[in-house]
Amino acid sequence: MDKQMSADRPKERQVMLICGEYLTPGTLDEAFAAMQRHRGRYRVVAGCTDTLPWAREGRAGDVEIPVLIDVARIPDLRESRVDDHRVWLGAATPIQRFLDDPALGRALRCMPRCAVWFADEQIRAQATIGGNIVNASPAADVTPALIAYDAEVELAKSSGGRILRRRMKLDQFVIGPNRTALEEGELLIAVECDALPGHGGSFEKVGHRRSLVISIVCLATLVKLDAQGRRFEDVRLALGGIGPVPRRLADVETFLRGGPLSAARLEEAAEMPVSLVASRTRQAYRRDVVRGFMLRGLINAARRAGAEAGALPPELEAVYA
Amino acid sequence: MPDIRLEATINGRKITRNAKPHQRLLDFLRDDLNLTGNKEGCGAGECGTCSVFVDGVLMKSCLLPVAKAQGAQIETIESLAKTGELSLLQKAFHKAGASQCGYCIPGMVMAATAAIRANPFADREEIKERLGGNICRCTGYQKIFDAVEMARDVQNGRLPATIFSEVEAEQGDYIGKNVRSIDAPSKVTGRLKYAGDMTMPGMLHVQVLRSPHPHARIVSIDTAAAETMAGVEGVITSADVPGEDGFGVIVNDQPVMARGKVRYVGEAVAAVAAEDLLTAKRALAAIEVVYERLPAVFDPDEAMRAGAPVLHDYAPDNITKHIPIRVGDVEKGFAESDLVVKEAYSTQAIEHAYLEPEAGLAYVDHDGVVTIVSPDQNITHHRHMLARIIAKPIAKVRFIMSPVGGGFGGKTDMIYQGMLALLAMKTQRPVRLVFTREESIISTAKRHPSRTRLRMGLMRDGRIRVLEMTMVCDGGAYGLSTGNVVHKAAVLAAGPYVIPNIKVDTYGIYTNNTPSGAFRSFGALQAAFATESHLDICAERLGLDPFQIRRINAMRDGAVTHTRQKLGSVSLSRVLDAAEKVSGWEAGAPVSRGDRRSDLDRDDIRPPCALGARFAAADKQEAAE
Ligand SMILES: Cc1cc2nc3c(=O)[nH]c(=O)nc-3n(C[C@H](O)[C@H](O)[C@H](O)COP(=O)(O)OP(=O)(O)OC[C@H]3O[C@@H](n4cnc5c(N)ncnc54)[C@H](O)[C@@H]3O)c2cc1C
Numbered sequence: 001m002d003k004q005m006s007a008d009r010p011k012e013r014q015v016m017l018i019c020g021e022y023l024t025p026g027t028l029d030e031a032f033a034a035m036q037r038h039r040g041r042y043r044v045v046a047g048c049t050d051t052l053p054w055a056r057e058g059r060a061g062d063v064e065i066p067v068l069i070d071v072a073r074i075p076d077l078r079e080s081r082v083d084d085h086r087v088w089l090g091a092a093t094p095i096q097r098f099l100d101d102p103a104l105g106r107a108l109r110c111m112p113r114c115a116v117w118f119a120d121e122q123i124r125a126q127a128t129i130g131g132n133i134v135n136a137s138p139a140a141d142v143t144p145a146l147i148a149y150d151a152e153v154e155l156a157k158s159s160g161g162r163i164l165r166r167r168m169k170l171d172q173f174v175i176g177p178n179r180t181a182l183e184e185g186e187l188l189i190a191v192e193c194d195a196l197p198g199h200g201g202s203f204e205k206v207g208h209r210r211s212l213v214i215s216i217v218c219l220a221t222l223v224k225l226d227a228q229g230r231r232f233e234d235v236r237l238a239l240g241g242i243g244p245v246p247r248r249l250a251d252v253e254t255f256l257r258g259g260p261l262s263a264a265r266l267e268e269a270a271e272m273p274v275s276l277v278a279s280r281t282r283q284a285y286r287r288d289v290v291r292g293f294m295l296r297g298l299i300n301a302a303r304r305a306g307a308e309a310g311a312l313p314p315e316l317e318a319v320y321a
Numbered sequence: 001m002p003d004i005r006l007e008a009t010i011n012g013r014k015i016t017r018n019a020k021p022h023q024r025l026l027d028f029l030r031d032d033l034n035l036t037g038n039k040e041g042c043g044a045g046e047c048g049t050c051s052v053f054v055d056g057v058l059m060k061s062c063l064l065p066v067a068k069a070q071g072a073q074i075e076t077i078e079s080l081a082k083t084g085e086l087s088l089l090q091k092a093f094h095k096a097g098a099s100q101c102g103y104c105i106p107g108m109v110m111a112a113t114a115a116i117r118a119n120p121f122a123d124r125e126e127i128k129e130r131l132g133g134n135i136c137r138c139t140g141y142q143k144i145f146d147a148v149e150m151a152r153d154v155q156n157g158r159l160p161a162t163i164f165s166e167v168e169a170e171q172g173d174y175i176g177k178n179v180r181s182i183d184a185p186s187k188v189t190g191r192l193k194y195a196g197d198m199t200m201p202g203m204l205h206v207q208v209l210r211s212p213h214p215h216a217r218i219v220s221i222d223t224a225a226a227e228t229m230a231g232v233e234g235v236i237t238s239a240d241v242p243g244e245d246g247f248g249v250i251v252n253d254q255p256v257m258a259r260g261k262v263r264y265v266g267e268a269v270a271a272v273a274a275e276d277l278l279t280a281k282r283a284l285a286a287i288e289v290v291y292e293r294l295p296a297v298f299d300p301d302e303a304m305r306a307g308a309p310v311l312h313d314y315a316p317d318n319i320t321k322h323i324p325i326r327v328g329d330v331e332k333g334f335a336e337s338d339l340v341v342k343e344a345y346s347t348q349a350i351e352h353a354y355l356e357p358e359a360g361l362a363y364v365d366h367d368g369v370v371t372i373v374s375p376d377q378n379i380t381h382h383r384h385m386l387a388r389i390i391a392k393p394i395a396k397v398r399f400i401m402s403p404v405g406g407g408f409g410g411k412t413d414m415i416y417q418g419m420l421a422l423l424a425m426k427t428q429r430p431v432r433l434v435f436t437r438e439e440s441i442i443s444t445a446k447r448h449p450s451r452t453r454l455r456m457g458l459m460r461d462g463r464i465r466v467l468e469m470t471m472v473c474d475g476g477a478y479g480l481s482t483g484n485v486v487h488k489a490a491v492l493a494a495g496p497y498v499i500p501n502i503k504v505d506t507y508g509i510y511t512n513n514t515p516s517g518a519f520r521s522f523g524a525l526q527a528a529f530a531t532e533s534h535l536d537i538c539a540e541r542l543g544l545d546p547f548q549i550r551r552i553n554a555m556r557d558g559a560v561t562h563t564r565q566k567l568g569s570v571s572l573s574r575v576l577d578a579a580e581k582v583s584g585w586e587a588g589a590p591v592s593r594g595d596r597r598s599d600l601d602r603d604d605i606r607p608p609c610a611l612g613a614r615f616a617a618a619d620k621q622e623a624a625e
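In order, the protein sequences belong to chains E and U. Residue 1 is where the first sequence starts when you use our numbering, and the numbers rise one by one after that. Residue 1 is where the second sequence starts when you use our numbering, and the numbers rise one by one after that.
The shape of chain U in the complex, shown without the other chains (with noise of 0.2 Å):
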């Protein structure tokens, strides 16, 4: 392989370097020269967290081999902010709180930075046309407009520059005001730290095998030719695990690698530890896994009936959760009721799809402590887990939490932490594990997919007699938050309503999917999307406002929830009227609209997609022409 001589002007300096023909400019960046301000969101163009100047032109390091920076000026982010001062753009963004998780930042700034320099009075509407090539997970987008509108206003003088200086929170006084966020700088200049960008010396870098299969016996692993490949330093397998086997948020279930049997395709097998990146792939390739395949299911209601796939031993059903909730005489309850309406309803896995992949460094230290650096959401319980797991006393372990590049719930769990431990220990090398976008989706829990069936019975006036609803939500391969999840589903399953005669059935359901896991709501959304559906529904039957009939049915302050919580304080009919007020709702039951809807088409409603900001003025020129 011959090396490529590169010489490139990289923030003012002049480098003259050697780098390997398959580097991209990212790589070059990040693991040659360290500049980790950029970030590796997706690899393949759709992130824009790698975006830096090429020539004065912003372009995506990930799609650019190296080469393709020979003789050129490269900026990065760490160019903007070298004196130590921030940039007008890096000032607004922290003014403005446009920075959360902080790992879409530096792209952002880049491409905000472009943006202001190609059109320095560039409107709202182009500037979200040229931020388009970046993503954020987090903040909706709405602050880093406002950052980019504030900082071209400050340039062009429209604003006073010492608006970055305001402060809204007097010492002591934060309830209510605007806070600035101590960490924005450390974002907004690439400076913070997340855990693909650390290094440590002698560092190893993993990979792992990952089932091709949703349910297979694993008749056996042969890891010999990996093992003495050079530059390997380590490889595992579920044999490697010291101490008690399988993690979990309720049951234990998942054990660090898969053992005996794969349950869902991308469930981690081996990992290897070596010298470089390209060589514990290599290694991988060299691991032999013999599997005999079985009868998988992927449907929860199927798994539900006799006969099922089992997956797990100890559930028989496939069932990991059921949570039955019965209040009052439901079947009284329907005789009761004017109207009775039933329908079924239905919600997908959904992707957390934050902008840092999951990445974590482990080491064993001085004093023998496993130590493991990772964004993860819930470190304290996974240290006691990983103690068990591993054998070692309490004592002996370590959880750092890295800053994290966006969770949503989706890095509560430890699903590659374990393997980063027996890699240290068995290397006893500083090791690091970095997700590829691809792995990340593949591997790690989504939102559970759900059905619901729900029956109502309503008096004419609009009062709820009595709900009935059964949720089967697909939990994949291993238990992970299910239990919590269908729990929540079911504690949330009345809505804010009073209803005297309930009866919630929700089921959490083992099938060879991905596993499904906490994500931001928790079991809240799949049990509202049902029952406010429902009502909006029913609301149509009984030719009543949709407003209205929550409002007859809404819980007040004081009111005992069909779990027995009593709500000191419910917030719900606020809620409904601001939210009447700001929809410009039109009154009245949903059937009697007509064909022009007087709440839609309003100037404080923001107007459908659509690009060519830039072309309005070329229109007329066209036409004149």
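Only chain E is shown next, with the shape it has when bound in the complex (with noise of 0.2 Å):
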């Protein structure tokens, strides 16, 4: 008989993370000066959302770490400011702000649609938009709905006394299932993006209830359209949850850019990013979900970004709207 004899000290089984030490420093030097002196042994943590859950059984289960360094106190982090073109949004903004702050929700359109499906009110209020970027889950919500306002995100890290930073492309930065370009010892700050009151917005977003769940499919569509409001003048798609990474959909913009709404169009764009879904689980599932947000994204966006009446096709607005 095949005898598999195994000692098995069991794991450690944890209720929670075990920490030493909980920091909780006032300013981003303070941050930079923890981050140094507990070098190797720490870990970030904003709104704890994702770190908290992760430590349980069956997940990350026994986890240990010496040191803990909330940055969610850091008012650089904390602040968000909206001007005519762009909005900046520190690292550590609630999710809930979106539905909070009517300036950054007339802003970002699609922001207060997509906090709408997050998670639940309570943990919106805690959770942040950093953490939601770096822990970089394909499921994520508020990545792919930034990407579609070409966000940039603006990192720091201290070196020999001084900050040094750098910016890049939110869909560069984030490069697989947990893993973004964050080098050790590096900061997310702060998320600068375009701003878009002109733009109608959509987020599509189907989980396995209402609240309280991840995305299996989700789509962020932002639309504005010519004064006549008849032809599309300018449309933003990104796609979360069919792969490992968000999906921006830089083709079906440039073949919708400058048509018109007709439903062949539509149905069109809406068959192009279907080859997308290379997901692990439930492929034709969501190749069908993601034919029809698209419909609905584009149907949704374009009537609130002011379609004539009658622009859109009549057939498609009775199924989709």
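None of these hints come from the bench; they were simulated from the model. Hints may contain errors.
Calculated cross-link-like contacts (lysine to aspartate or glutamate; reagent style EDC-like; alpha-carbon spacing at most 16 Å) [as the list claims (entries may be wrong)]: (1) U:Lys396 <-> U:Asp367; (2) U:Lys503 <-> U:Glu331; (3) U:Lys281 <-> E:Glu57; (4) U:Lys281 <-> E:Glu64; (5) U:Lys392 <-> U:Asp365; (6) U:Lys488 <-> U:Asp505.
Got two chains here, separate frames each, mind docking them using the hints?
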């Protein structure tokens, strides 16, 4: 008989994350100093809504981290600003702010709709956009929506007493499931993106229930129409949940830009991203959803962008709006 | 470990305390401040039993490291009825009958309070949305939404506050009346103590070492290192059982902790009682178990085949229970039938997911009575079994049923009470075990997954002549309620229909899966799913309306079932009439429908789930801008 003898020293089972110290620096300088002091023994946290559930049985399980450095209280990271063209969001901006701050909601029409589907009221008050981005879950909701706004990330680290900053496109920053271009000792400081108050926005999402679910598929759509409300002047689309990283749909955007809101063009556009589905499970289902969401997203965003009465194909509007 | 010096205002009272850096706000409130009104249901932000206000914003305290409360104003459920008078929402929850087991209710009341604070005029859809972070398993939410709407309307002067004091049932006249549940105030205030909320002086914390293997022989267990750890007061294995080990419902095939071998992933192997939880956890890591893996079987059909791995020596065929029922002449029935329809059906395992994970407290009292306090749905039976297991006279064993924070059948088995008794006896101190949600899911019984093969013979006019059913239920590693579940499945296999010829065989089978056990409906679901689905298919084949085929075969008052039970009154016809009416049923065979269904899209049917009730106005505005 094939005998497999094994001495199982069971893994320690924790109910939670165990840490020796929990630091709450009040400034960026203090945060960098703490990171330097505890190099190799710390982990950065913000809202903790990914980190705490991750440290439970069945996932990471036995997590004992000597030092946790909580950056959520640093005023610089908590701020958000809007001007006519750009929006600046500190990394520790809580998701709920997209619903609570009317100026943000107007500049970023997609974000309140993304936020309302995100977890629940309570977690949204705590969860941060920086955590969503750096956690880099393939099912993240905020990341694809921000990608549709051409978002850039601002990163910083401390070196030889100086703070080194760099920037990169958000869709290049997220490189795989739970992987980003963040370097050792680096913090995500902020996200900067276009303000698009003239665009209509939609965020389509499906999960197992309506609150407290992660996306099986999500789609962020932004549409600006011409003065007559009959043609696409600008389109922005980004898909989440369909593979290792969120995808901006540049080819679909180019295809639609300048064209009419006709059924033929919408349906052709809806077909284009279907082949991008590369998730590990439920591919056929996700392809169907992508096709439907494309129509729903474009039609809803176009209506909200002020589409002329009758400009949208009524047979599609009847089903998808 | 440097402690955190925490300054905060808790329910209006300023406090300055030391807290451990790894504590969550929930631990700090419950363990250090004894504010046990808010509960822990999942520890992962999913259920909302722990919802508290932090600086006026509702948050899930299981996801908040305590340091995040530095300088904050915290309000727990205890803050709402501080003067003793219930808050508006608490009164409405009481009046509407919105609390059942009560475990989700403190969090739910907090979420409702937050919703009405955010928008005092929120409509039902918006209320649903704002309560989305809180889960309830008893009510189906309708009564909860009713309560929130009632409180909203009283607050806005649209309903009189006297509605709360109205009494529907007069003394002695309760039937058909709404009766106020007398324990609701204790639930809506969080005052009711569930087992996990209880503490005793000198109490130790218990943790359980569980099997990582589905089937393995235990070669050795070395507890020496764990036993000598500072703070560890007792370690037990099956060697500590003084009496006749084994519990169950019909067969006592399950040892208190694995004896000789493990039969499923998550089975208890050893347990530790220590001064604090962390020490107990660390002690588990110091226990060394050597296993010799055995071939395992996960499919009940495979387990029934000759040569399959055997789980229990007493059942070499892996059969826990077989219920055969024979009525009339099945072969003749098929020969006489105009139509024979054959199909296979399957159902999956389901977790009860009560909001209260298992918890229990045990102590040996001054008279030497071993006392177990737990949300146990079958205390008398368990008392008898435990007396035999710990070799004590029945008078020296006492079970106290603590409030059950949802059971649905899932708390009818003595899964952990035995370990608590042994540890209380060994340490002579009170001991408490509180399961994590993960532990509750991996180690406790589920609804039986089933596979049913069904063959039915019918006459052209819809009369059923014969039914032949074979159902195989996966009972998992131990018997628990399997015998009774497959028994009930067999009894209900023919549904409420008159069928002259019947052959039913239901089987409960041992596999190395998580044990299956009691779950409300108890075998009826699996059988009814097969029989009723089958009737719809037969109706389609015969061109009959699904209601009609049921009426044709319906039992009537005075009918005798296939297991010889005489039924005084049979309400089936009335149930069918009512169902047909409220569903707006479109009469006809299932094949006759066109592409537009008149029974859908009606005003009295709930729309599909969507979010964004609060955007309805914004939509128009966005387009206008
Ligand atoms: C019940 C529940 C429901 C959820 N629902 C959703 C949902 O619907 N959609 C969704 O997208 N997510 C959801 N989440 C996941 C989670 O809430 C989000 O990903 C959230 O945005 C994470 O932010 P955080 O600040 O809480 O992250 P944290 O847990 O604090 O951090 C996550 C990661 O980011 C890193 N990090 C955080 N901030 C910085 C920074 N400034 N610089 C460098 N690194 C940083 C941390 O080191 C860590 O690795 C849900 C979580 C729960 C518990």
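Here is how each hint holds up against the structure:
1. At roughly 8 Å between alpha-carbon atoms, U:Lys396 and U:Asp367 fall within 16 Å of each other, so this suggested pair holds.
2. Taken as a hint, the U:Lys503 and U:Glu331 pair is honoured in the structure, with Cα atoms around 10 Å apart against an allowance of 16 Å.
3. A C-alpha spacing of about 12 Å is found between U:Lys281 and E:Glu57, which places the hinted pair at or below 16 Å, so the restraint holds.
4. Of the supplied pair hints, the one linking U:Lys281 and E:Glu64 holds, its CA atoms being roughly 13 Å apart against a limit of 16 Å.
5. Distance hint between U:Lys392 and U:Asp365 is fulfilled; the C-alpha atoms sit about 14 Å from each other, no more than 16 Å.
6. For the hint pairing U:Lys488 with U:Asp505, the CA-to-CA distance comes to about 12 Å; that is within 16 Å, so the pair holds.
Checked against the numbered hints above, the structure breaks none of them.
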